[in-house]
Every structure is written in C-alpha cells, then in structure tokens.
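One-letter residues, chain by chain:
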Amino acid sequence: NAGVTQTPKFQVLKTGQSMTLQCAQDMNHNSMYWYRQDPGMGLRLIYYSASEGTTDKGEVPNGYNVSRLNKREFSLRLESAAPSQTSVYFCASSEAPTASSGNTIYFGEGSWLTVV
Amino acid sequence: DAKTTQPPSMDCAEGRAANLPCNHSTISGNEYVYWYRQIHSQGPQYIIHGLKNNETNEMASLIITEDRKSSTLILPHATLRDTAVYYCIVRGHQTGANNLFFGTGTRLTVIP
Numbered sequence: 019n020a021g022v023t024q025t026p027k028f029q030v031l032k033t034g035q036s037m038t039l040q041c042a043q044d045m046n047h048n049s050m051y052w053y054r055q056d057p058g059m060g061l062r063l064i065y066y067s068a069s070e071g072t073t074d075k076g077e078v079p080n081g082y083n084v085s086r087l088n089k090r091e092f093s094l095r096l097e098s099a100a101p102s103q104t105s106v107y108f109c110a111s112s113e114a115p116t117a118s119s120g121n122t123i124y125f126g127e128g129s130w131l132t133v134v
Numbered sequence: 113d114a115k116t117t118q119p120p121s122m123d124c125a126e127g128r129a130a131n132l133p134c135n136h137s138t139i140s141g142n143e144y145v146y147w148y149r150q151i152h153s154q155g156p157q158y159i160i161h162g163l164k165n166n167e168t169n170e171m172a173s174l175i176i177t178e179d180r181k182s183s184t185l186i187l188p189h190a191t192l193r194d195t196a197v198y199y200c201i202v203r204g205h206q207t208g209a210n211n212l213f214f215g216t217g218t219r220l221t222v223i224p
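Line by line, the protein sequences are chains A and B.
Heads up, the first sequence is in the working numbering, so the first residue is 19 and it goes up one at a time.
Heads up, the second sequence is in the working numbering, so the first residue is 113 and it goes up one at a time.
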C-alpha cells in the first residue's frame, strides 16, 4: 500500500518550459489536492478535485492546470513555467467531502521544482 | 474557515511532555480542530483531530477548551524524531471544499 505517490521528486525547468507533475493514490479516495509550499511558509492549495470528473480552484491557481484522469490520478501542469513557481509541490487525497468530518488528508512526499 | 494562531517556535527537552497551544477563537460549532506535522520538508502527517471532547491516540492527546476557542496538542514523551513543524487547522465543512488551510505552524525542537 503506497498511499500517495508523486513523480518526479526533483525537476529543474527553464523559464517558459512546460511540465506535468503526476500523482496517484491507491486508497480509493474520492478527493485529491495539489498544494505548494514556499520556503518558511505553510502549504497553499492550488487546485482540488472533490470527485472524479470535477476540479476546482484553490487559493493560488494562476499558472496551473489540473486533470483528474480517473479516480486514482490527479495531475498538475505548468504550461509556461516561471521562476515564481519554484516551490515544493504536494499532492494529497482524502475520502469524499461531506458536511460531517473525520476525513483526514494523506499527503505524498513532495516534488521539488526549480525554475531558472 | 476559522483562523488559527500558534507560537512560531518552541523547545522541549527529550523525554518531557511537549504542549503545543493553538488559538481558534472564531471557530464555529461544526468545525473540527486538526493537527498535522511536517518533518523536514516531508509531506505533512496527520496526528489527531477533535470536535469538543478530548482525544487521545497512539501519537498524541488533544485537549480542547470548553468554549472551543483554544486547544493544546500534547506529545507525552517527546523524542528527537518529534522535531517538526506542527500545524493546527480548523477545518471547514462545506461540501466540495474538503481542504485544509495551513498557516506557518509551530516549529518544535526537541533538545537532547
């Protein structure tokens, strides 16, 4: 049981290049998320997918696109990378969101992206 | 979602209890308090959560005040491996908004 798996772990891009971060979870969770974390700061939500077939913007969506490929996979794409997107990216998943609680969010180990 | 306030840093002697406070004075009645920690830029790790009652699991205890405006995470016997940033999060319950809002947390350093 791998949990949440992200690839690649490390990537260096030149300004203007594009790339896709891949994420997969094996816990049969409905919801998936992409966060970014800049040095000395907490995590900020980029996009999330409450269920297969739906995606919504989070706190910092500009410059990113996402695809919920199926229930297991949620990818994050940078169409034209900028130095401001240098960050650590975390994918996460949880059970379906409802008005009740108790659903914890499980995180991957992070992808370190540097844009030069 | 209610905001939380945590001290930026704390130290704790190895083997002693670490008590990490969190203020969430604007918490609403159906919002839970969650605690996560992040060890050296790894992915955040769930610790514990609660609504009104005190909670305990194999990792920690969570004490929530009766008015729910503050809480304390207790690591009963801190070890060096507990050195991490600890995040206190009040979680919203709107359908479709099942996400967590992280602040800057408390950096706990366990001292040998």
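Just so you know, these hints were derived from the structure itself, not from any lab.
All residues carry an ideal CB built from backbone N, CA and C; glycine is no exception.
Check each hint, because a few of them may be wrong.
[Unchecked claim] Label-pair distances were calculated between CB atoms; the ranges are:
1) B:Asp179 with A:Ser69: 46 to 54 Å
2) A:Arg95 with B:Ala125: 25 to 33 Å
3) B:Met171 with A:Thr72: 38 to 46 Å
4) A:Thr38 with B:Met171: 33 to 41 Å
5) B:Lys181 with A:Lys89: 46 to 54 Å
6) B:Thr177 with A:Val30: 26 to 34 Å
7) B:Gly141 with A:Glu127: 33 to 41 Å
8) A:Ser102 with B:Pro188: 36 to 44 Å
9) A:Ser69 with B:Gly127: 39 to 47 Å
[To be verified] To be clear about the criterion: a stretch of chain A counts as covered by chain B if any three or more of its residues have a C-beta under 8 Å from a C-beta of chain B, and this derived list gives those stretches:
10) 29 to 43
11) 125 to 132
[As the list claims (entries may be wrong)] Beyond 10 Å from chain A on every Cβ pair, some chain B residues (computed):
12) Lys115
13) Thr117
14) Glu126
15) Ser140
16) Ser153
17) Gln154
18) Gln157
19) His161
20) Ala172
21) Ile175
22) Pro188
23) Leu192
24) Leu212
25) Thr216
26) Ile223
Problem set entry | Minimum Cβ-Cβ distance from Gln157 of chain B to chain A exceeds 10 Å | violated (7 Å)
Problem set entry | Distance restraint hint 46 to 54 Å, applied to the beta-carbon atoms of Asp179 of chain B and Ser69 of chain A | violated (36 Å)
Exercise. Is the Cβ of Ile223 of chain B more than 10 Å away from each Cβ in chain A?
Worked result: holds (22 Å)
Problem set entry | Assessment of proposed distance window 26 to 34 Å (beta carbons of Thr177 of chain B, Val30 of chain A) | For Val30 of chain A against Thr177 of chain B, whose Cβ atoms are near 48 Å apart, the range 26 to 34 Å is violated.
Exercise. Would you say the C-beta atoms of Thr38 of chain A and Met171 of chain B sit inside 33 to 41 Å of each other?
Worked result: With Cβ atoms ~35 Å apart, the hint holds.
Problem set entry | Assertion that Gln154 of chain B lies farther than 10 Å from chain A (Cβ) | Non-interface label on Gln154 of chain B violated, nearest chain A Cβ at 6 Å vs cutoff 10 Å.
Exercise. Taking C-beta pairs only, is Leu212 of chain B more than 10 Å away from all of chain A?
Worked result: Contrary to the label, Leu212 of chain B does not stay out of reach of chain A, its closest Cβ about 6 Å off (not over 10 Å).
Problem set entry | Ser140 of chain B remote from chain A - nearest C-beta pair above 10 Å | holds (12 Å)
Exercise. Beyond 10 Å from every Cβ of chain A: is that where the Cβ of Thr216 of chain B lies?
Worked result: Not fine: 5 Å to the nearest Cβ puts Thr216 of chain B too close to chain A.
For this session: Given that the segment 125 to 132 of chain A was listed as covered by chain B, double-check it with a C-beta distance under 8 Å for 3 or more residues.
Result: With 4 residues closer than 8 Å to chain B, the segment 125 to 132 of chain A meets the three-residue bar; holds.
Exercise. Was His161 of chain B rightly flagged as not at the interface, with every chain A Cβ beyond 10 Å?
Worked result: Check fails; 7 Å does not lie beyond 10 Å.
Problem set entry | Reported absence of Ser153 of chain B from the contact zone with chain A (all CB gaps over 10 Å) | Check fails; 6 Å does not lie beyond 10 Å.
The earlier numbered hints that this structure contradicts are 1, 2, 3, 5, 6, 10, 16, 17, 18, 19, 24, 25.
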